[in-house]
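Peer 1: Could you use the hints to bring the two separately framed chains together as a complex?
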Amino acid sequence: MRALLGPVIGGAAALFFATPAMAASGEAVNPWVAVAYLISGVLFILALRGLSSPETSRAGNRYGMIGMLIAVVTTLITHDVASLPEIGVAIAIGGGIGFVIARRIPMTDMPQLVAAFHSLVGMAAVLVGVAAYLNPGAFGILDAAGEILVVSRVELGLGVAIGAITFSGSVIAFLKLNGNMSGAPIMLPGRHVINLGVLSAIIGLTAYFAILPTGETAMIFWIIVALAFVIGFLLIIPIGGADMPVVVSMLNSYSGWAAAAMGFTLGNTAMIITGALVGSSGAILSYIMCKAMNRSFISVIAGGFGAASGPADGAEKIDRPYKRGSAEDAAYMMKQAESVIIIPGYGMAVAQAQHALREMGDMLKEEGVNVKYAIHPVAGRMPGHMNVLLAEANVPYDEVFELEDINSEFAQADVAFIIGANDVVNPAAKTDKGSPIYGMPVFDVEKAKTIFFIKRSMGGVGYAGVDNEVFYMDQTMMLLSDAKKMCEDIVKAL
Amino acid sequence: MDFISILSIFVMACFVGYYVVWSVTPALHTPLMAVTNAISSVIIVGALIAAAAGSQADGGQTAKWLGLVGVVLASVNIFGGFAVTERMLAMYKKKERK
Numbered sequence: 001m002r003a004l005l006g007p008v009i010g011g012a013a014a015l016f017f018a019t020p021a022m023a024a025s026g027e028a029v030n031p032w033v034a035v036a037y038l039i040s041g042v043l044f045i046l047a048l049r050g051l052s053s054p055e056t057s058r059a060g061n062r063y064g065m066i067g068m069l070i071a072v073v074t075t076l077i078t079h080d081v082a083s084l085p086e087i088g089v090a091i092a093i094g095g096g097i098g099f100v101i102a103r104r105i106p107m108t109d110m111p112q113l114v115a116a117f118h119s120l121v122g123m124a125a126v127l128v129g130v131a132a133y134l135n136p137g138a139f140g141i142l143d144a145a146g147e148i149l150v151v152s153r154v155e156l157g158l159g160v161a162i163g164a165i166t167f168s169g170s171v172i173a174f175l176k177l178n179g180n181m182s183g184a185p186i187m188l189p190g191r192h193v194i195n196l197g198v199l200s201a202i203i204g205l206t207a208y209f210a211i212l213p214t215g216e217t218a219m220i221f222w223i224i225v226a227l228a229f230v231i232g233f234l235l236i237i238p239i240g241g242a243d244m245p246v247v248v249s250m251l252n253s254y255s256g257w258a259a260a261a262m263g264f265t266l267g268n269t270a271m272i273i274t275g276a277l278v279g280s281s282g283a284i285l286s287y288i289m290c291k292a293m294n295r296s297f298i299s300v301i302a303g304g305f306g307a308a309s310g311p312a313d314g315a316e317k318i319d320r321p322y323k324r325g326s327a328e329d330a331a332y333m334m335k336q337a338e339s340v341i342i343i344p345g346y347g348m349a350v351a352q353a354q355h356a357l358r359e360m361g362d363m364l365k366e367e368g369v370n371v372k373y374a375i376h377p378v379a380g381r382m383p384g385h386m387n388v389l390l391a392e393a394n395v396p397y398d399e400v401f402e403l404e405d406i407n408s409e410f411a412q413a414d415v416a417f418i419i420g421a422n423d424v425v426n427p428a429a430k431t432d433k434g435s436p437i438y439g440m441p442v443f444d445v446e447k448a449k450t451i452f453f454i455k456r457s458m459g460g461v462g463y464a465g466v467d468n469e470v471f472y473m474d475q476t477m478m479l480l481s482d483a484k485k486m487c488e489d490i491v492k493a494l
Numbered sequence: 001m002d003f004i005s006i007l008s009i010f011v012m013a014c015f016v017g018y019y020v021v022w023s024v025t026p027a028l029h030t031p032l033m034a035v036t037n038a039i040s041s042v043i044i045v046g047a048l049i050a051a052a053a054g055s056q057a058d059g060g061q062t063a064k065w066l067g068l069v070g071v072v073l074a075s076v077n078i079f080g081g082f083a084v085t086e087r088m089l090a091m092y093k094k095k096e097r098k
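Protein sequence lines, in the order shown, are assigned to chains A and B.
Per my numbering, the first sequence starts with residue 1, numbered consecutively.
Per my numbering, the second sequence starts with residue 1, numbered consecutively.
Extracted from the complex, chain B is given alone in its bound form (with noise of 0.2 Å):
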């Protein structure tokens, strides 16, 4: 993809987070910090080809050990972060109605 086209996704999506974000209910705002922590170990896409590629070029063999510590530490941030907020979420409840 050309940079124009990956900076227009960008800005985009940008505003797409603008509304999206002042649309969450503050009451969840603890849980939208950690759900977007979790989907910004997204990241973990960078460490994968890192790790994946193997020692084909000089720098491959350090690069794929960086890639693998740094799957570590996304897949840390991914599992820990959806299961925290989905622990938070569980919390929420309705005021039962008698």
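Bound conformation, chain A alone (with noise of 0.2 Å):
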């Protein structure tokens, strides 16, 4: 393997790993590949540390690529490797996939993208801590004895556990993202009880799996196993449509801790702080959305969210009188004001409208009106996925707004401009306490001038199913009609 890699890599391996401990044997003996762990342990930190500002990002991520090739290459040369010509087929075939992927995917589905991506880190979890099972010598987690130690029994159950969750967990977010499922939530049955005690095997397993003679484990493992990957399907099916968002943060995090798990079976500095970095990140995420939409993680957890609200608007179907624009109009007002601002949502995005809602947004600018995006923190399906659709069509950043940071100014607004949003401009969130949404922060459009609201029809509410008292007041008016057309229909008037 060194008469392989030598050549290539000799002068930067010579620095670190010339030692003659230098580890063939998978121990890692030689204090300087911990250290070289470590380092990339680091760079995964910075890479999220660039994350702080648009402007440090990308040398951010080139970090964490740095990160990833110390940590792999070390891995490489500390480890007698028997098929070298395997592997590199193998990492090849694997990037050239992830490459294509991502290089053609649309940024509307990004969410299913990144679902689809922590089934594989759960998969790839699972996969590892099988073969650390199997073949426990190779990853140094054997006593004198030749028992795997109780410690890594411990570990191995548990990361087996969360990989498998975050696997099966994953696919059932991917195909509820990705259409290929209705986001209608099934709920089984006193699923509360069958989760909990699903839950509980998969623990008493783990202890059990922990304290019997290594011989005699096999059964028990691949029942925690098992149990671990029906538990991951079990806990997301009952998760509605509009929940995905806390969803996908949580797999997310789960992810995360099944890298730790890993990292502590093999004492692998790299992958403990990943890790915990990608563990925390989120579940700061998840907590991030269930505020921005008033819910407890809990609840969300419990799931059913949207399986009510649809028969809950039919008893208050009365024609409401409203007031109806055009194009025409919108242009004219837009033109006169000062200031507009623009709170995209879902809608816009299916619609596909974003890149002529930003030459709107260029042609008003032209015509000296301040105009800003306000961006609500559930808009879109996966945290910042609205930021991103509207980077995508070239809006520039510093034009886009979070919810607490734009606010105060729509009292002061001439025209607040609402394309493919609803239940994030919805009063009733505020006055409403019977209302679904009541408590989640929402955006004070109603204190604009003048609104303006594109939908498609009057009929057809948001994701939670409520009636927006927006619709109906007197500096409102409606522009219906498909969110593309109108913003083009606009762009010619203007």
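Read the hints as simulated data drawn from the structure, not as lab findings.
Just so it is clear, CB atoms sit at the ideal spot from N, CA and C, and this is done for glycine as well.
Keep in mind that a hint or two might mislead.
Claimed, not checked - With a straight-line cut-off of 25 Å between C-alpha atoms, the simulated DSS-like cross-links for lysine-lysine are: (1) LYS365/A / LYS447/A; (2) LYS94/B / LYS372/A; (3) LYS94/B / LYS335/A; (4) LYS291/A / LYS447/A; (5) LYS93/B / LYS484/A; (6) LYS372/A / LYS95/B.
Claimed, not checked - For each label pair, taking beta carbons as the anchor points, the in silico distance ranges come out as: (7) LEU188/A / TRP22/B: 28 to 38 Å; (8) PHE15/B / LEU196/A: 25 to 35 Å; (9) ALA207/A / LYS95/B: 49 to 59 Å; (10) ILE4/B / VAL198/A: 30 to 40 Å; (11) VAL151/A / TYR19/B: 23 to 33 Å; (12) GLY146/A / ILE4/B: 19 to 29 Å; (13) TRP22/B / TYR472/A: 33 to 43 Å; (14) TRP22/B / ASP474/A: 33 to 43 Å; (15) TYR19/B / GLY204/A: 32 to 42 Å.
Stated by the list, open to error - Which residues of chain A face chain B? A few of them, derived with a C-beta cut under 10 Å, are: (16) TYR37; (17) ALA47; (18) ASN61; (19) GLY94; (20) ILE105; (21) LEU113; (22) THR269; (23) SER280; (24) SER281; (25) MET382; (26) LEU403.
Peer 2: Now the structure itself:
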């Protein structure tokens, strides 16, 4: 192995690994090995740190790549690699697939892609865990008597379980987001009891797995794996489409914990640091999403949101008067305005209206109008999704503002232009205690002098299935049309 | 490394993660998820060890193939995750000043 890689990375490797204790056995005897993994862990921290601003973000991403390269190269040169060609082929196949997907995927499909990637991390964790169980010697987790260390068994059990949950949960999330499976929650009777039962069984069996002699553990180990696959599936099917941003973030977190558990088994610093980073990242994102919807994490996990809301709006189906505007009206009013705040929602992305919208914004800016974009944390289908979609349409990021930064500006705004959003501008969230979205932070659009509300038709309401008072307000003009077509018409009229 | 050292690193890293992630601007939360996805595939290290070990032990042959499959999956994620993050980040542009 060293003969093969020697000429290629000779210089750099010599610097790091040239001491006589250079480990060929798989056990990291050389302190430089640990240092290399630590460096790669630190580079991963810097990768996330870079994301604190768009200017530093790309450098951060490079740090991440370098960190990964260091981890992989270190692993390869410190182990006797019996199968380098196979490994090379494996990396080439995987890398090629990943690269092509990354280049081709439309930005609207990012949530599905991320869910699919999570499932791969989960599956990889399961495979590594199973491999470590089958060949513990290679992973250095045997004690003197040839038994797998007790600590390692607990780590293995948990790691494999978390990995399997991440995998099957992410597959369901992917199918729901991708539309292969209805977003409607699937509610099994007694599902809470079943889920708690399965979860406690996994924990109990992991404990049992740890105390049995290694030779008798095979059955238990496979049962843990199987149950974990089942529970991941059961946990996600009752969660409705509207809660998917939380689920995707949660699974992100799980994939991190799975990596961390494997890092414990291997005593590998890079994996532990990364696992902790990713785990916290996903947990924080889930928290942000929950807060933006005013839902408790527990109630999201318990599932069922969006199932009961269908019939609820049937109760009050009175035709209320509203004002209908045309593209020309909107163009005229906005040209006269001093400031326009645009509130895009997922409907805009569905209609592929972002480019037409940006064109409209540009023309308004040329007229001297102050144009800003206001983004709700749950706009889109994953955290920050709308920002990416606008960035793709060449909207400069310093014109895009978050809810808390812009909400006070509606009172001075001449026009609030709502496109493809609904629940996030519904004042019922502030006033109507009975509303399913009560307590959710929303934009104060009703304070703007004029409101344009692009909507396909007056029937059909947002995700939460609630009517919106804004439709019927005096200063509101409904622009009933396809979002893309309406933006194009406004551009023409300008 | 003994368990306590590992645990210490883990706990400290959780705190680092907490503060670093809160400092990420919400506008970049999607790239954040994509890049965390890519870096969590550092699990490839485990897959490489399994794949590299070959068939020394009883379960070695199976472990090797599982490892190789793990390498493929993790590679999809590494290359895909970093590439898609790069692609997204390249889209974020500042207002051009006239």
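Peer 1: Holds or violated: the 33 to 43 Å window for the beta-carbon distance between TRP22/B and TYR472/A?
Peer 2: 40 Å, holds
Peer 1: Would you say the C-beta atoms of GLY146/A and ILE4/B sit inside 19 to 29 Å of each other?
Peer 2: Between GLY146/A and ILE4/B, where Cβ atoms are some 25 Å apart, the hint holds.
Peer 1: Could you grab the alpha-carbon distance between LYS93/B and LYS484/A and see if it respects the 25 Å cut-off?
Peer 2: 23 Å, holds
Peer 1: Does LYS447/A lie within 25 Å of LYS365/A when you go C-alpha to C-alpha?
Peer 2: 22 Å, holds
Peer 1: Hint LEU403/A vs chain B: min CB-CB distance below 10 Å?
Peer 2: Holds: closest Cβ of chain B sits about 9 Å from LEU403/A, inside 10 Å.
Peer 1: Does 25 to 35 Å hold as the CB distance between PHE15/B and LEU196/A, or does it fail?
Peer 2: 30 Å Cβ-Cβ, so the 25 to 35 Å window holds.
Peer 1: With a cut-off of 25 Å on the C-alpha distance, tell me whether LYS94/B and LYS335/A pass.
Peer 2: Status holds; Cα separation ~24 Å.
Peer 1: Given a cut of 10 Å on the nearest C-beta pair, is the interface hint for GLY94/A held or broken against chain B?
Peer 2: Holds - the Cβ of GLY94/A comes within 10 Å of chain B, reaching about 3 Å at its closest.
Peer 1: Report holds or violated for the interface hint on ALA47/A, using the least CB-CB distance to chain B and a cut-off of 10 Å.
Peer 2: Since chain B brings a Cβ to about 6 Å from ALA47/A, closer than 10 Å, the hint holds.
Peer 1: Within 23 to 33 Å: is that where the Cβ-Cβ distance between VAL151/A and TYR19/B falls?
Peer 2: The hinted range 23 to 33 Å holds for VAL151/A and TYR19/B, with Cβ atoms some 29 Å apart.
Peer 1: Holds or violated: LYS372/A with LYS95/B, Cα cutoff 25 Å?
Peer 2: 12 Å, holds
Peer 1: Quick one, is the ILE105/A hint okay against chain B at 10 Å, beta carbons?
Peer 2: At 7 Å from the nearest chain B Cβ, ILE105/A passes the 10 Å test, so the hint holds.
When the structure is compared with the earlier hints, no violation turns up for any of them.
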